[in-house]
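Generate coordinates for the entire structure from the input sequences, incorporating the hints supplied.
So the sequence lines, in the order shown, correspond to chains A and B.
Residue 151 in full-length UniProt numbering sits at position 151 of the first sequence, and the numbers go up by one each step.
Residue 254 in full-length UniProt numbering sits at position 254 of the second sequence, and the numbers go up by one each step.
Since the hints were made in silico from the structure, they are not lab data.
Check each hint, because a few of them may be wrong.
Label pairs and their computed distance ranges (CB to CB) [unchecked claim]:
1. C40/A to R179/B: 47 to 55 Å
2. S211/A to S145/B: 23 to 31 Å
3. L52/B to P93/A: 52 to 60 Å
4. A18/A to R179/B: 42 to 50 Å
Keep in mind it's a predicted model, so treat the numbers as computed, not measured.
The beta-carbon is built from N, C-alpha and C at its ideal position, and this holds for glycine as well.
Protein chains: 2
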Amino acid sequence: MSGNPSPAALRAAVRSQAHTGNTSGLAPGYVQCNIVILPCDWAYDFLRFCQLNPRPCPLIGMSEPGDPHLPALGDLDIRTDVPAYRVFEDGRPVDEVHSVEALWRDDLVTFALGCSFSFEEALLAGGLEVRNMSQKCNVPMYRSSVTCAAAGPFRSQMVVSMRPFSAADAIRAIQICTRFPSVHGAPIHLGDPQLIGIADLQTPDYGDAVSVHPTEIPLFWACGVTPQLALETAQPPFAITHSPGCMLVTDVRNSALAVL
Amino acid sequence: MSGNPSPAALRAAVRSQAHTGNTSGLAPGYVQCNIVILPCDWAYDFLRFCQLNPRPCPLIGMSEPGDPHLPALGDLDIRTDVPAYRVFEDGRPVDEVHSVEALWRDDLVTFALGCSFSFEEALLAGGLEVRNMSQKCNVPMYRSSVTCAAAGPFRSQMVVSMRPFSAADAIRAIQICTRFPSVHGAPIHLGDPQLIGIADLQTPDYGDAVSVHPTEIPLFWACGVTPQLALETAQPPFAITHSPGCMLVTDVRNSALAVL
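Okay, here's the thing in structure tokens:
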């Protein structure tokens, strides 16, 4: 998919499986979401996990049990409108598919969580360089030593993403991201990676390493991969998530998420 | 002067010279100002210097030529209501006095500039530790390598103040101070002091050194001492400032300066 499709046009292409890949940079200006789908008897604990850990798990939308629609986020069907899904059994990924129609159950609850694409767009609009974008790679992500608050079986270290900036741009990045608490908000750490248990910036646990110049300061944001780690720990018998980078594209404007 | 006097009561004590010293911590909740008084034929260039350099020189009030009152800031007389003044001739300090009534001229223009006391109060209210306050000393200040924009004869390196914080508190401090652009606003730098020409944090050019713990990050704010440096360079034949730490206490609430 190329050009600047509308969210609805992009979802139509996804639904027909004309587009089955990464959504980064597509439908610019619109919120893309991390997706977690769970049986409703697991939903309360996961909802509580999101409530306790809003930085890694900023909840933007949630469905009724069995209802594949999230009308607040657009005219969409969660069974077909994510380009690629991961299917989990007992906390382990067992399949990657482009539709979950065949797997749908009337007890499934969908959670849509904010994603860093929104704040990266705001950083770019603010004239800042986002290293993973200029290097055309995935953002580097790390399992930090920061422990999320547990909710029932859901427990996890916080996964963080890292973007390096000059000092002046770091200050500006903090200001810009503060306006967007529902897409991870301000960084949770800056400076020495070891203070949050990261031994080496050049060996991320997920994504790709990016260059960090000697005068730059690494900024660390709470990351939407965290709930996938919590899923692995909680081991629900059945769950579905989006595949990393293949997000649900919504009709909500990024600008609508700004708290001021 | 002890207790929590109102701004008017404090100014009355200053006017009678019952209080002739530091105003730090007095009249909590109210804006205190850096003062620069210049002949009106120097006022245009200094006003332009403030306009070009709002971070070190945030202009909060300004008088008409010869008028010792600043009604927007309170019922005050600038000739008597500052605890201690410095008198400058040709850019050099020549005297320190507790009243400038005998020196007043009908061509003098008063500039009142925002001061870090306001944002320090906001940081404390936010639960942060302000090191120079907990160590009961003056904040350390440094002549940085950052060059202010020049306006006629007024030119200066930027003087910066430094306060150390943990990474999480540094991020919060940036958020808090961003709300207060008229009292220096967000830091202008964080991290490596050498990047802004500071060789050693423990030997400040003004004020006192404070301890910086190994895991802390120094944050640097534009400082109201900068205009005094610009005065030294510009060498107006006559000028008056407050003496450091002995500020004009106004009736404006700190909270009224918050932009949101």
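Look at the Cβ atoms of L52/B and P93/A and judge whether their distance stays inside 52 to 60 Å. 57 Å, holds
Given the hint of 42 to 50 Å, is the C-beta distance from A18/A to R179/B inside that range or not? Taking Cβ atoms as reference, A18/A and R179/B lie about 47 Å apart, which means the hint holds.
Taking 47 to 55 Å as the hint, is the beta-carbon distance of C40/A and R179/B inside that range? 42 Å, violated
Should the hint that S211/A and S145/B are 23 to 31 Å apart at their CB atoms be regarded as holding? 26 Å Cβ-Cβ, so the 23 to 31 Å window holds.
Comparing the model with each earlier hint shows a violation of hint 1 alone; every other hint is respected.
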